[in-house]
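Going down the list, the sequences are from chains A and B.
Note that the working numbering numbers the first sequence so that position 155 is 155, with each residue one more than the last.
For any residue, its number in the working numbering is found by taking its place in the second sequence, counting from 1, and adding 1000.
In short, the hints are calculated from the structure, not lab data.
Built from N, CA and C at the ideal position, the CB exists for glycine as well.
One thing to keep in mind: the hints can contain errors.
As the list claims (entries may be wrong) - In silico DSS-like cross-links for lysine-lysine, where the CA-CA straight-line distance does not exceed 30 Å: (1) A:K61 to B:K1203; (2) A:K160 to A:K185; (3) A:K234 to A:K61; (4) A:K24 to A:K160; (5) B:K1126 to A:K234; (6) B:K1203 to B:K1126.
Stated by the list, open to error - Sample of chain A residues lacking proximity to chain B, with all beta carbon distances greater than 12 Å (derived): (7) E25; (8) H28; (9) D42; (10) M64; (11) E88; (12) L93; (13) E94; (14) V130; (15) T139; (16) R176.
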Amino acid sequence: MPTSAFLTDASVCIGCKACEVACKEWNHIPDDGFEWSGQSYDNTHALGASTWRHVLFLEEKQPMGPQLAGIEEPFRWQFLSDVCKHCENAGCLEACPTGAIVRTELESVFVQHDICNGCGYCVVSCPFGVVDKSHEVGTAFKCTFCYDRQRDGLMPACAKACPTQSIRFGELEELRREAHERVEKLQDRGYNDAQIYDPTGSSVGGTHAIFVILGQPEAYNFPPAPEVPTIHLKSAWGAALVSALVVVLVVCLAFAL
Amino acid sequence: MAANPKISEDRLDALREEAARTGNVQDHGIVPVGGPFPKPASAMSYHGNPVLKPPTWTWQVPLYFFIGGVAGISALIALVAHLFGNAGMLRTGLWIGFAGALISAPLLIADLGRPARFLNMLRVFKLRSAMSVGAWTLAGFSSAVGLAVVCHELILAGYGNDFLLVLVWAAEIFAALSGLILASYTSVLLGVTAIPVWSENRKLVPVVFLTGALGSAAAVLELLGFLVPVTQFIGIVAGAVEIVIAIMIELRGRYVDRPLREGTVGWLTRAGAALAGPASLLLRLFSGHSSVARYVAAVCFVIGALISRYAWIAAGRVSSRDPQALFRIQRPAPNGIGPARH
Chain A
1 MPTSAFLTDA SVCIGCKACE VACKEWNHIP DDGFEWSGQS YDNTHALGAS
51 TWRHVLFLEE KQPMGPQLAG IEEPFRWQFL SDVCKHCENA GCLEACPTGA
101 IVRTELESVF VQHDICNGCG YCVVSCPFGV VDKSHEVGTA FKCTFCYDRQ
151 RDGLMPACAK ACPTQSIRFG ELEELRREAH ERVEKLQDRG YNDAQIYDPT
201 GSSVGGTHAI FVILGQPEAY NFPPAPEVPT IHLKSAWGAA LVSALVVVLV
251 VCLAFAL
Chain B
1001 MAANPKISED RLDALREEAA RTGNVQDHGI VPVGGPFPKP ASAMSYHGNP
1051 VLKPPTWTWQ VPLYFFIGGV AGISALIALV AHLFGNAGML RTGLWIGFAG
1101 ALISAPLLIA DLGRPARFLN MLRVFKLRSA MSVGAWTLAG FSSAVGLAVV
1151 CHELILAGYG NDFLLVLVWA AEIFAALSGL ILASYTSVLL GVTAIPVWSE
1201 NRKLVPVVFL TGALGSAAAV LELLGFLVPV TQFIGIVAGA VEIVIAIMIE
1251 LRGRYVDRPL REGTVGWLTR AGAALAGPAS LLLRLFSGHS SVARYVAAVC
1301 FVIGALISRY AWIAAGRVSS RDPQALFRIQ RPAPNGIGPA RH
């Protein structure tokens, strides 16, 4: 089976939130409360236990590509649909003590919530802040990559619902190529800050959700150089071992002196 | 912003009136502070929102960190006491370890989102997951220290035989070793996360937690009547290390450590350090011969170490809310101040 992936393109997203709605409809996710955030048209804040697709609304005081050159108060309104990155080296999967979080045959990262006991360790281990524990259900939730739909040969609900093809679903390498072509085209048209967000060089070892963004990753709350926390296992256990040896020494000295 | 006379209900009324009268508003409107209106996103992060999720752990977890640490180190002290022929401290140390193990499991289970599924922790064993290592360590430690207590009491009651004597040694050694892991894995658990203040202190937290556990185990022994040089020595060492740790956190002045120095959690950290560090150490050094002072020093250290556990978890919560703490680690600041890498 080819490696499936998402390519989400900020340059064609219109902020309609059809992906959020389709995701909630298909996966039967409850609402996130009905509150005004004051953050543009985004009242969902972030991905979480009940938000598996999240549309960001960025209001920035800079021109949109070449369009607004010469205008005194430059302004651009950008949108991007964020989603679980389905990392190659997934922090949540590594941290899970029950084996509830698994890698599926589609290479996605999946939480089996009939096994999850809600210890919450995946929540602090995700370098992207995606997975969260539901206070109502008590277990961890995140994007399933529409495992059920994919098994039946359907594309994920969000990609299906996207009216502008901002969310593309397909084979990872194919989408990577398309993303590079798209960024080149955007830059040719004067969108100089168009870039791909695809952290392949870091310890997360690449993701199954890549993005075309305008501007810096930080503006989208994407970590610029995400790391899977387990790369620190050796140094943390090393420090613990040295400290433990000192403790043994101190206790022995206390009795010997 | 509040000082701006333009921002008021009166100004809004004036604009409405102007719009109604002329059909056009010439001047700029008002931007109410904090109102439910579109606000520009900061280029430095998405509306200043957190990138990471805060820890979901409840109050039971820091308490478990503390009690598990005391239990683990008590088992170690019991073993060393046995080696040095100190029967009293052997027995009490084992009982403290056993009592701690009995309290620890319910605390951990109560924190779970689905407590009935706690045994799922023992479905798999993953060295890469400190949580998995911890669950197995607690299970192993509880069994070993329980066995050691039973064997030891049987021997004291006169049922001793060669088999029991071997078994009690084996159980004590296993309890001491797993106790050391029990007292230290919790620090690795924090260090190996995405939370900046924990991750960037992954080499310091083991020192903090083991010092707290060592000093508290000795303090609990003191409170149970062991006002002996052994506990005094351990108390002085632990108190001194606490002071060094606190000074280090203050002097390093790293951005990522701000939750440990600033705000409520910063003061909580300092309060814990002051009690476990200077307060207990000065009492020990200058009134070491007074048993009252020893008791007070022990209480100071125990409370200080307990506060410190809560402060470290709370610092993680604060740190998870600050997107800049994360970005600064991953990308050098434009002003040339490098990332907090070691």
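Among the hints numbered above, which are violated by the structure, and what are their numbers in rising order? Structure breaks hints 1, 3, 9, 12, 13, 14 and 15.
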